[in-house]
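S.K.: Please build the complex by placing chain B on the supplied structure of chain A, with the hints as guidance.
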Amino acid sequence: MTKIVVVTSGKGGVGKTTTSASFATGLAMRGHKTCVIDFDVGLRNLDLIMGVERRVVYDLINVINDEIKLNQALIKDKQLDKLYILAASQTRDKDALTQEGVARVLDELKEMEFDFIVCDSPAGIETGALMAMHFADEALVVTNPEVSSVRDSDRILGMLNSKTKRAIEGGEPVKEHLLITRYNPNRVEGGQMLSLEDIHEILRTPLIGVIPESESVLQASNQGTPAIYMQGTDVSEAYKDVVRRFLGEERPMRFIEAVKPNIFKRLFGSK
Amino acid sequence: MGFLSFFLGEKKSSASVAKERLQLILAHERNGRSTSPDYLPQLQRELVAVISKYVSINPDDIKVNMEREGDFEVLEVKIELPETRR
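Sequences listed follow chains A and B, in order. For any residue, its number in the working numbering is found by taking its place in the first sequence, counting from 1, and adding 25. For any residue, its number in the working numbering is found by taking its place in the second sequence, counting from 1, and adding 8.
If you are wondering where the hints come from, they were derived from the structure by calculation, not from laboratory data. Note that beta-carbon positions come from the ideal geometry of N, C-alpha and C, so glycine has one too. It cannot be assumed that every hint is accurate.
Examples of chain B residues toward chain A, derived with CB under 8 Å [as the list claims (entries may be wrong)]:
1. Ser21
2. Ala23
3. Leu30
4. Gln31
In silico SDA-like cross-links for lysine to any residue, where the CA-CA straight-line distance does not exceed 20 Å [as the list claims (entries may be wrong)]:
5. B:Lys20 with A:Glu222
6. A:Lys188 with B:Asp46
7. A:Lys28 with A:Pro198
If we strip away everything but chain A, and leave its shape as in the complex, we get (with noise of 0.2 Å):
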């Protein structure tokens, strides 16, 4: 069977588009065959982040208007054979993006028996975003500690709620899961920051991980490798135990904890 995993958070910048990469390759390494797809038509940028960008021929809309077969615009991964991508059109208009056509789309995939197909959505609350979800059996709703996330997730979290397929065929609902990122326990413990247990309580939405704020993300974004690979650093751990979790797994959280200076910084001052 397989399972359709929205990737969505209203607000743009955080952390949605990293988090689809990451999550993805991060499935398609425990084995499974995964497809990620952008939704963000007009200004796509998964490919940048996936490092596949050159090799980008046909898009979402190619296929959706009929100009040709999935398989010819599914990019496969040059180091995950379970792994493949298929690109927004950065030309063409959001009105493209129908939703017979993302049926079909989504119904060709389940036919080559995809385990999981991750729907990495635009900021924002318009078709696209609406598109993204629509289809979606289960949510990553991804988080910054910072108000205005907290709020337009709130918001997203009653669109899943409504105007999914799921919700409007009185269905099971779609299975929530909160994602944090850009998470400094050092600021959380100085006040300056919401805690994760504020915003869990805030947002009443089951926790599936906390990925902390990390330079590493912008040094895997430069160099076009999800973060997942960024071997050693929190941020790539984190986002292991994300899917370990997701594919049924407890896994304590982890890197939530304030790390106390050494002496030497503290004398001298870091940074």
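M.R.: This is chain B only, laid out in the frame that chain A set:
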């Protein structure tokens, strides 16, 4: 933090201010989302039509409301019958 707040007089951390503000505004916004589903006006009109078959009433005599109490949604329908009948 403890040290500082001792000298500055108990000042709330900005994180707890953020939490309070969020809880307030979200409670409000969630209410706005759930209290009036868009089918309420239609439901009201149809109820008026049905009841008008048997009793003559004004369209304003039927009030339809959705309220949220904890985890429950309560659909409240208030029908005022005219006094003149008896």
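S.K.: All hints, please: hold or fail.
M.R.: Now the hints, each set against the structure:
no. : hint                  : verdict
1   : Ser21                 : 3 Å, holds
2   : Ala23                 : 5 Å, holds
3   : Leu30                 : 5 Å, holds
4   : Gln31                 : 6 Å, holds
5   : B:Lys20 with A:Glu222 : 18 Å, holds
6   : A:Lys188 with B:Asp46 : 13 Å, holds
7   : A:Lys28 with A:Pro198 : 14 Å, holds
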